[in-house]
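Kindly produce the complete structure, drawing on both the sequences and the hints.
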Amino acid sequence: MADDALFGIHGTALALRSQRMAMLASNIANAATPGFKARDIDFAKALDSASQTGSVDRAVDGHVQYRVPVQASADGNTVELATEQTQFAENAIAYKATLNFLQGRISTVMQALKGE
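No gaps in the numbering here: position 71 of the sequence shown is 71 in the working numbering, and each next residue is one more.
Simulated from the structure, these hints should not be mistaken for lab results. Don't be surprised by glycine CBs; every beta carbon is placed ideally from N, CA and C. Take the hints with a grain of salt, since some may be wrong.
Computed Cβ-Cβ distance ranges for the label pairs, DEER-style [claimed, not checked]:
1. K37 x E116: 48 to 54 Å
2. P69 x Q103: 36 to 42 Å
3. E116 x S73: 54 to 60 Å
4. G54 x K96: 21 to 27 Å
5. A44 x Q103: 19 to 25 Å
6. Q111 x Q85: 34 to 40 Å
7. S26 x A94: 17 to 23 Å
8. Q65 x G104: 31 to 37 Å
9. A31 x Q65: 16 to 22 Å
10. E116 x G76: 57 to 63 Å
Distance condition first, Cα-Cα at most 16 Å in a straight line; then the derived EDC-like pairs of lysine to aspartate or glutamate [what the hints assert, rightly or not]:
11. K37 x E80
12. K37 x D75
13. K45 x D61
14. K45 x D57
What follows is the structure, given as structure tokens:
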């Protein structure tokens, strides 16, 4: 990625967290859909892959996993709402932390450009 020198791995992490958030939101939205299989991203492996290849989309596609439910559902749905909500909240916090770091980095660069 072209912004690696400025943002390091954090730009890639932000993109991955965004895609993971969409996937978790899809799981939550389909909690009552018969036969729906909950999916998640192995974030650490996807981040490592994206760092090496430079492609976030390919890294996500290669590290999607189906979630194994603690208790099986009669209709084949593997979404456990409490688990999905917890994962979503944790990912949202990590997303915000990464975003705050990047905002700080951009602010520092802007101050340097202004000569402050």
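**Asked** Does the structure break any of the earlier hints, and which numbers would those be?
**Response** none
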